[in-house]
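Trainee: I would like the entire structure built from these sequences, with the hints used as guidance.
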Amino acid sequence: MDLLTKDEYAAIAADMDFPNTAYIDGAYRPAMSGKTFATRNPATGEVLTDVAACGSEDVDFAVAKAREAFDDGRWSRMHPSERKDILIRFAKLLTRNARELAVMESVDSGKPIYDCETVDIPETIHCIKWHAEAIDKMYDQIAPSSDDHVAMVVREPIGVVGLILPWNFPLLMLAWKIGPALAAGCSVVVKPAEETSLTALRVAELASEAGVPRGVLNVVPGGGADVGEPIGRHLDIDMVSFTGSTKTGKLFLSYSAESNAKEVVLEMGGKNPAIVMEDAENLDRVAQHLVNGAFWNMGENCSATSRLIVHRAVKTELLERIEHHAQHWNVGDPLDPETRVGALVSPAHFKKVSGYLKKAEDVVFGGAAGGGFVAPSLVQLPDNNHVLARDEIFGPVLGVIEVDSFDQAIEIANDTDYGLCASLFTANAKRAIRGARMLRAGTVTVNSYGEGDISTPFGGYKQSGFGGRDNSVHAHDQYTQLKTIWVDLSDDEDEAVS
Amino acid sequence: MTPIFKFEGIYTPVVTPYHHDGTVNFDTLSNVIEHLISRGVHGLISGGSTGENYAQTVAERVEIATFTADQIKGRVPLVMGTGAMLTDDSKSLAVAGREMGADAILLASPPYAVPTDRENALNALAIDKAANLPVMLYNYPHRTGTLMGEEFLDRVGRSRNFCGIKESSGDINRVHLLARDYPHIQLGCGMDDQALEFFAWGAPFWVCGGSNFLPDEHIALYQACIVERNFEKGRRIMSAMMPLMRVLEQGGKFIQTIKYGVTLNGMDTGPVRAPLKGLNKDDKRALEQVVRVLKTTIANIQAEG
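Note that the protein sequences, when read in sequence, are chains A and U. Under UniProt numbering, the first residue of the first sequence is numbered 1, with each subsequent residue one higher. Under UniProt numbering, the first residue of the second sequence is numbered 1, with each subsequent residue one higher.
One or more of the hints may lead you astray.
[To be verified] Computed cross-link-like contacts, DSSO-like style, restricted to lysine-lysine with a CA-CA straight-line distance of at most 27 angstroms:
#1 U:6 to A:35
#2 U:129 to A:35
#3 U:6 to U:73
[Claimed, not checked] Some chain A residues well away from chain U (every beta-carbon gap over 10 angstroms; in silico):
#4 44
#5 84
#6 136
#7 284
#8 406
#9 448
#10 484
#11 489
Just so you know, these hints were derived from the structure itself, not from any lab. Nothing here was measured: the structure is a model prediction, and the numbers come from that model. In this text, a Cβ means the ideal position worked out from N, Cα and C, and glycines have one as well.
Mentor: Put into structure tokens, the structure is as follows:
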């Protein structure tokens, strides 16, 4: 897609009609209490619209409608190929409305329009399409058994699922969850992050237009205590998939334990290391990966590279190259296609990130913060115990730790509560494989930064999460459950196996 | 933000008294309004069909509603009727409602045009936009020719102002649909002979023409069903009211009957406007008889405590 000019994007944004009510049972509906909360453009502080502030009564209603839809089979028992057709139509409608969604996402979250247009929206569409295409190509199993029996192992949609979204990738995380959940035949109740509710609401409307039956995809905006917790504690929700902070994720475990022991899949924080050894090839290319890993999406990314563990021998040169590349990451108006670093999502989050920056003792570059924007920053850390090395900052701040050996690098990389992603730069193949195996993280990249893509599972070790994986066919596991069906074919009852 | 409006209780669509030359009798209108407020009705509607809106110009309707607003002085909520053949007229009425300080608007489908659900919803959203006030929808397919169907209800959800519906279709399945699938739109009884059924499904309000002249009895039913949750008592009150409902809903002379009822209470509402004609002697006698029995029976039920 060709990018427009800053003025053209501004004109689209000014003319936009923002959806602002819940979307339940195939229709926009205000919160039953009538309450609303203001949602703002983080880059300007301007109020975009007042969004319905839903409560437990709206959650109850959405779950009841989702349950009705699930139980009568209008979606859950539809032939997988029909579900596929509808989801592909849905992906086409997303494509047709891509520009509107991109601008809406940018003004709601502070993300650069460049990223929305070139990454978030295309990947969102691709994700829906991918899971749609997969669903009628998955086979159940027949277990080995005697002539007198058939033992089938089948997968069934798990039921009504609650999907709790973070604010850093409002659309993409929605797609990561509804893609496999809807493909599997589940009914879903989505809670978007309070800061970024708009695109999920619009997407729900497009899903209806594509033919997803009413009640199957519901979006209930509102606060954590008012919507998140009621979803977590709901007795008629079978499973919750959560992406967000480790602190909130743990709450969902307790909600589950205290209610109906619903399944919980957690995808939480990260403090992701990148190890650069003295034998790494092409330091300029390494630097590009690191800049991308650390500063993309303003560092508001659970898989962002936030600890650079670098061998003393190459440190000086590498830092120079990182600084050189970081200079090209313009900070500014998210609707300007030249901008690579937009506004942090909210004043509260800006305060948190700039607070961490103030604790940095040795700033190599960056460090500037103002008006909701934080410049890409590189700080040297004395060791891995510094607060900037332990806490997930969720901002464009990369901390550097110097090491003298490979073993020391691995030890420091693993010395964290988290284990989402890690990357390792070395030209030594043995070291690369050995290191990849030793790093305790859900995704390890060698000589590059990345999360893999839709075809590979994504999720964390340790306090970065558990219970399932997003992306790939494995994502379907969390939204389905296994059933064993034994059929006794024998004629003689005496020979039957009990 | 627009706070949601809670429609609760008895909403009286106020009749329009006329002088015998056909002009609006504001003195009597003032008396009717004072009487209704003193009897404790919970809200008033100006410019509903009971007020003969179809036989009035937009200017007259605005004048009557403005007079009503001034008379009420905020003591009870005022709902401004915006039903009209032309969308622009409805918008003008909606704007006038906002300017005079009405608390909500009553929004009906335009009669005769028979719009589709989509057209009707876009029309409703346009009128809503003009007023930006809480909306009480008015579904009366027998009069307008079009039903506010599910697509309509789904589409108007884009504005959070749509928070009530006066349901006058007479189809009990609509009550079930609205109560179960549209809980964010407060359900109001607009079909007098089904009031008990509406209350059983939790409808918090009742728009009843009969409350123009029998406010106590209509309030009694609301009180029994919704406030006291005593449906046994409610059923007895409703049973006593059924002869009146038959006269009103099935007699074919709804407005004439209501206006004559008000006249019986000592406030001469004058003639009805063309094309309607007043009640004949037999109709008048029948109403007097029904009212007498109904008042006595309900007073006795109330006296039991």
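Trainee: The structure should be examined with respect to each hint, and the outcome stated for every one.
Mentor: Against the structure, the hints:
{"no.": "1", "hint": "U:6 to A:35", "verdict": "13 angstroms, holds"}
{"no.": "2", "hint": "U:129 to A:35", "verdict": "19 angstroms, holds"}
{"no.": "3", "hint": "U:6 to U:73", "verdict": "19 angstroms, holds"}
{"no.": "4", "hint": "44", "verdict": "20 angstroms, holds"}
{"no.": "5", "hint": "84", "verdict": "26 angstroms, holds"}
{"no.": "6", "hint": "136", "verdict": "30 angstroms, holds"}
{"no.": "7", "hint": "284", "verdict": "52 angstroms, holds"}
{"no.": "8", "hint": "406", "verdict": "59 angstroms, holds"}
{"no.": "9", "hint": "448", "verdict": "45 angstroms, holds"}
{"no.": "10", "hint": "484", "verdict": "37 angstroms, holds"}
{"no.": "11", "hint": "489", "verdict": "45 angstroms, holds"}
The structure meets every hint from the earlier list without exception.
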